[in-house]
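K.L.:
So the sequence lines, in the order shown, correspond to chains B and D.
Following the working numbering, the numbering of the first sequence begins with 153 at its first residue and continues without gaps.
Following the working numbering, the numbering of the second sequence begins with 153 at its first residue and continues without gaps.
The reader is advised that the hints may include incorrect statements.
What the hints assert, rightly or not - DEER-style ranges, computed between Cβ atoms:
#1 D:Arg442 to B:Thr564: 46 to 52 Å
#2 B:Gly520 to D:Gly246: 43 to 49 Å
#3 B:Asp339 to D:Lys183: 34 to 40 Å
#4 D:Ser352 to B:Arg297: 35 to 41 Å
#5 D:Val229 to B:Gly440: 51 to 57 Å
#6 D:Ser352 to B:Ser361: 56 to 62 Å
Read the hints as simulated data drawn from the structure, not as lab findings.
Computed from a predicted structure; not experimentally measured.
Even for Gly, the Cβ is constructed at its ideal location relative to N, Cα and C.
Protein chains: 2
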Amino acid sequence: MFLHHSDVLVIGGSSAGLSAAITAKRQHPNKSVTLLRKEKETLVSCGIPYVFGTISSLGEIVIPNSLLENNKIKLVVGEATKIDVENFMVEVDGHDQIGYDRLVIATGSRPAMLPVPGFDRSGVFTISKEMSVLLELKQKLRNSRDLVVIGGGFIGAEVADECRKAGVKRITIVEDQSHCLGQWFDDEFALNAEAILEKSGVAVKTGVSVTEMSGDAGVKEVILEGGDVVPADAVIMCVGSVANTDLAKKAGLALGPTGAISVNRYMRTANERIFACGDCAEKVSFFGGRPSAIKLASISCSEGRIAGANLFGVRRENIGTIGALGTTIGGTSFACAGLTEQAAIATGYDCVTGVAQGPNRHPACMPGMEMLKVKLVFEKRNGVILGSQFMGGSSVGEMVNMMSACIQKKMTIDDIAVFQIGTHPCLTSSPLTYQTVDAAEMALLNALSSKEKE
Amino acid sequence: MFLHHSDVLVIGGSSAGLSAAITAKRQHPNKSVTLLRKEKETLVSCGIPYVFGTISSLGEIVIPNSLLENNKIKLVVGEATKIDVENFMVEVDGHDQIGYDRLVIATGSRPAMLPVPGFDRSGVFTISKEMSVLLELKQKLRNSRDLVVIGGGFIGAEVADECRKAGVKRITIVEDQSHCLGQWFDDEFALNAEAILEKSGVAVKTGVSVTEMSGDAGVKEVILEGGDVVPADAVIMCVGSVANTDLAKKAGLALGPTGAISVNRYMRTANERIFACGDCAEKVSFFGGRPSAIKLASISCSEGRIAGANLFGVRRENIGTIGALGTTIGGTSFACAGLTEQAAIATGYDCVTGVAQGPNRHPACMPGMEMLKVKLVFEKRNGVILGSQFMGGSSVGEMVNMMSACIQKKMTIDDIAVFQIGTHPCLTSSPLTYQTVDAAEMALLNALSSKEKE
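Make a model of the complete structure from these sequences and hints.
P.N.:
See the structure below:
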């Protein structure tokens, strides 16, 4: 059945789809915009780890449909089963059709599954974005004693930390890389995160991979490379995510090197009427333009705002993925933007770094003071900022956005050293020893002294 | 008596002098650096309002001399009484001399005094940076019932808020402009600050000036324009500050349009061996280069880092004063960077603004959530950001630094609308509705709709 024609049709109701639809309607108020999604309810995806501890009810993380209504976006709940690129139609649930002038694919991603024997046993979960799966997992955790979290990235660390708060007795993170959070932080920060997890009672095993999940019907043990066995009545896999591209592939749209849908800097696919954004869309790094597999809700929203603005003419360009984010583990906040030193070196940069630490209030006796540590990474030959890492109180969540701006505008060591920061005793570090400024000064000294040695 | 020769001599031990001395020594490790200051102890100046409430002991706000020792800077306590520019010597306490190759004047500012009858009665204070005066005022406030704070800028509002916390019974702020904090915030924000003060028990009288402080030996009443009388056994004047330029003037150095020491973009005076920075140095605005009377510790530190780096060759340039700062009043934080809409219009800009508000955590049920309001001001013809205002939780103190970076790099509406923000449920607003991004989108819509009308 032909449902209706929409000037703009967006497939997907999470970060990318929502921001694309809202931007499209705001900037093209005379165009009709329809959002098609398969879930009855859309969840705040970043909030999902918190439903296992901090947030008692899953209802709290539902994105209200009023966001669509207020923006005059038509909502259709149903699954996009086919894109008919010749007739500009999307098939819904195998039998209905919606026509489009412009189509935005924002089908997101699904959690990756480690393909080891036993991955399909009951008791083995991923962090799904579906309400029913989350409810089942939450129920399971209530009766679990031994939880193994596979993968010590952000989501793994957050889930472990939350399950600990919820009272799960024994929790073990197994990470096959040398450190938890290693994609985002250099060793000195990652080691701190691991120590915080261990201190709070979460066991951390790094540099070892999982070879099997054994048991009967349900999982009972996780077997590690080398033969170690970790008891487990529940396993949560947090090993990354996979772009949802089936629909695009079937429509003949090309995929890129990371397996996501190919798009240009305007978020347009090879089909001039079709755009893609968010986790399902291929990304390039801000640093040199190489393919990037980073998937973050904040990037999805930025891409959605680019796609939504460009539907009927080019307005905005994607500068590439910087990778800015934050988290809180065991009460300490971590945040980063751009490349770690390790990643910068691996990318081919010759780097210089600076580190500074101190209180995040001034004088240090002010209420709410926490210690703050900052590391900045610069390209050596030109002093341009490549990355920043923070550890401390909750304000690091916004300090990283200052650094994201500095990175986007390629600020240099000297720019940051004389940066006009706003400071206040109740809110920030002292202007005399403000850590990003001080870290830039340290990087300068390191650069000067390494030049002397050359 | 000739004390010694120093390659670099810095006069003044507060923000500007300290950061100039530290930067000079770090970047010119082979040069000797001496800091000459008249105070036995230097106080964290921004912390001073907090000694009346939050901070119990004045000792907590003393900057430790170890900061100088650790950086191998020689400290001399004494008053610079003359600069002998011909012989490159500074006279100390009228009888000693220190020789210099490069001199940095960082003599700071002193509180302005309202020249109305009775200003010299006992019980009338300014917020001095001298320990002895602060101790006297703190003692006085212990026995005060009726306090009048003249001037509702940042310092006035902070002092009133702190005295309230300390238990002073009746506090009245008298501000001659139309609103408290009006230099930094547009009316809609300033009105909120006033309402918070009033609700906490501080009376606020705006748009009225003080004509007299009457009484016997001690002040008893503050008389307002129009005849209203406010009882007062203590009065604190927070009506701005005056650059300390006597020493420079006597040495024949020129003063600028705001009465501070003239310097170029490298912080150098007309005398090629003499630099000036901080409150005693003339400033220009980042916006169009007109003279600026803004005095902030954070600007002093930035200028000190510029002066210290440039002493033996140009390394850093002052881009002009942006004016970024924050404060907390009655538990709500306010922060701003750049021009208000009112100031932008007064400067001659044709502006467009955008406002956004919402929770500063996501989902909104996350612990620590507070409502956040943001206003952004852009130049209409090119979409370049001119200013930002924030009200909400403590994270606004760092959000404003993100905006300071955007302003320094002249980011546009579209740059900020697709800004790659780092977000997290525990730390920030949702990426879908992040307020600075949303405010930029709103400004774009306002700009588009006003173009349609043209």
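K.L.:
Are the hints correct? Go through all of them and say.
P.N.:
Here is what the structure says about each hint:
1. D:Arg442 to B:Thr564: 46 to 52 Å: violated (27 Å)
2. B:Gly520 to D:Gly246: 43 to 49 Å: holds (46 Å)
3. B:Asp339 to D:Lys183: 34 to 40 Å: For Lys183 of chain D against Asp339 of chain B, whose Cβ atoms are near 36 Å apart, the range 34 to 40 Å holds.
4. D:Ser352 to B:Arg297: 35 to 41 Å: violated (50 Å)
5. D:Val229 to B:Gly440: 51 to 57 Å: holds (53 Å)
6. D:Ser352 to B:Ser361: 56 to 62 Å: Holds, at about 58 Å.
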